[in-house]
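Novice: Sequence:
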Amino acid sequence: MCNLYNVTTSREAVLQFTKAFRDKAGWNQPSLDVYPGYQAPVVRVGEDGQREIASLTWGMPSPPAFVKNYDPGVTNIRNVSSPHWRRWLGPTSRCVVPFTSFAEPDPARKVEGGRVPNAWFAGSEERPLMFFAGFWTPWKGVRKVRDGEREYELFGFLTTSPNEIVSPIHQKAMPAILTTPEEVDLWLTAPWEEAKHLQRPLPGNMLVIVEPPAKPEDEKEPNLL
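Take the sequence shown: its position 204, counting from 1, is numbered 199 in this note's numbering, and each next residue is one higher.
Do not take every clue at face value.
Listed next, the in silico DMTMM-like pairs over lysine to aspartate or glutamate satisfying Cα-Cα at most 25 Å (straight line) [what the hints assert, rightly or not]:
| hint | residue 1 | residue 2 |
| --- | --- | --- |
| 1 | Lys14 | Glu42 |
| 2 | Lys191 | Glu121 |
| 3 | Lys167 | Glu206 |
| 4 | Lys105 | Glu206 |
| 5 | Lys191 | Asp180 |
| 6 | Lys135 | Glu206 |
| 7 | Lys105 | Asp28 |
| 8 | Lys167 | Glu47 |
| 9 | Lys135 | Glu121 |
| 10 | Lys19 | Glu144 |
| 11 | Lys135 | Asp18 |
| 12 | Lys210 | Glu188 |
| 13 | Lys210 | Asp101 |
| 14 | Lys191 | Glu206 |
| 15 | Lys210 | Asp28 |
| 16 | Lys210 | Glu7 |
| 17 | Lys19 | Glu146 |
| 18 | Lys19 | Asp180 |
| 19 | Lys139 | Glu42 |
| 20 | Lys210 | Asp66 |
| 21 | Lys167 | Glu146 |
| 22 | Lys105 | Glu159 |
| 23 | Lys14 | Glu144 |
| 24 | Lys14 | Glu146 |
| 25 | Lys135 | Glu159 |
| 26 | Lys191 | Glu42 |
| 27 | Lys63 | Asp142 |
| 28 | Lys14 | Glu159 |
| 29 | Lys14 | Asp43 |
| 30 | Lys14 | Asp142 |
| 31 | Lys191 | Asp28 |
| 32 | Lys63 | Glu148 |
| 33 | Lys19 | Glu47 |
If you are wondering where the hints come from, they were derived from the structure by calculation, not from laboratory data.
The structure presented is a predicted model; accordingly, all values stated were derived computationally and were not measured.
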């Protein structure tokens, strides 16, 4: 499953692509790696009906049967027929998650004694702005035992069967990806019966394998001179 993605784009590009009215996230990182439990920008429809960028925590509430004394969250959602997920299928609970590349574990490249490396995927070598089809919800609960019960706004995104680019590396799933303003509009506004077809693999000619995202200058080794 996808448990790491990168956003290397500008706030202005996201606002323009999604027709968002405002940025409540205050997001301005030139390159952001997002892991489960991290906060990241999403675009949703606000209470006043205007689209907005908001900063939410990655990991939707888990089905109760899988929760003991804390809930780390579910990042990837596949079975939308489950009663647990059906409550969030309506447009008021949908969001789109900007990204420019995403990672899937690549066990075939694992070196003995080392960690499983990631393969990275993007729309092209230029890493154009794309979006995951996502869901969001307010939630009160325990994400980490040491933090206790807190209030959160959470998000996760849809997965689907992998296309011919992803399947040789990750056979189980890939994210459901939106690539046009029209698809974003549909996902954020349409009834589920009209929007559900967006849970499909991206055509293979719209995805390539790329190098890991470059680190921003301020994350590289400091210049001591």
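Novice: Look at each hint and say if it fits the structure.
Specialist: Evaluation of the provided hints:
no., hint, verdict
1, Lys14 - Glu42, "16 Å, holds"
2, Lys191 - Glu121, "29 Å, violated"
3, Lys167 - Glu206, "22 Å, holds"
4, Lys105 - Glu206, "16 Å, holds"
5, Lys191 - Asp180, "13 Å, holds"
6, Lys135 - Glu206, "38 Å, violated"
7, Lys105 - Asp28, "22 Å, holds"
8, Lys167 - Glu47, "32 Å, violated"
9, Lys135 - Glu121, "39 Å, violated"
10, Lys19 - Glu144, "24 Å, holds"
11, Lys135 - Asp18, "24 Å, holds"
12, Lys210 - Glu188, "41 Å, violated"
13, Lys210 - Asp101, "21 Å, holds"
14, Lys191 - Glu206, "32 Å, violated"
15, Lys210 - Asp28, "9 Å, holds"
16, Lys210 - Glu7, "21 Å, holds"
17, Lys19 - Glu146, "17 Å, holds"
18, Lys19 - Asp180, "20 Å, holds"
19, Lys139 - Glu42, "29 Å, violated"
20, Lys210 - Asp66, "31 Å, violated"
21, Lys167 - Glu146, "32 Å, violated"
22, Lys105 - Glu159, "21 Å, holds"
23, Lys14 - Glu144, "35 Å, violated"
24, Lys14 - Glu146, "28 Å, violated"
25, Lys135 - Glu159, "39 Å, violated"
26, Lys191 - Glu42, "23 Å, holds"
27, Lys63 - Asp142, "15 Å, holds"
28, Lys14 - Glu159, "32 Å, violated"
29, Lys14 - Asp43, "15 Å, holds"
30, Lys14 - Asp142, "36 Å, violated"
31, Lys191 - Asp28, "28 Å, violated"
32, Lys63 - Glu148, "20 Å, holds"
33, Lys19 - Glu47, "7 Å, holds"
The earlier numbered hints that this structure contradicts are 2, 6, 8, 9, 12, 14, 19, 20, 21, 23, 24, 25, 28, 30, 31.
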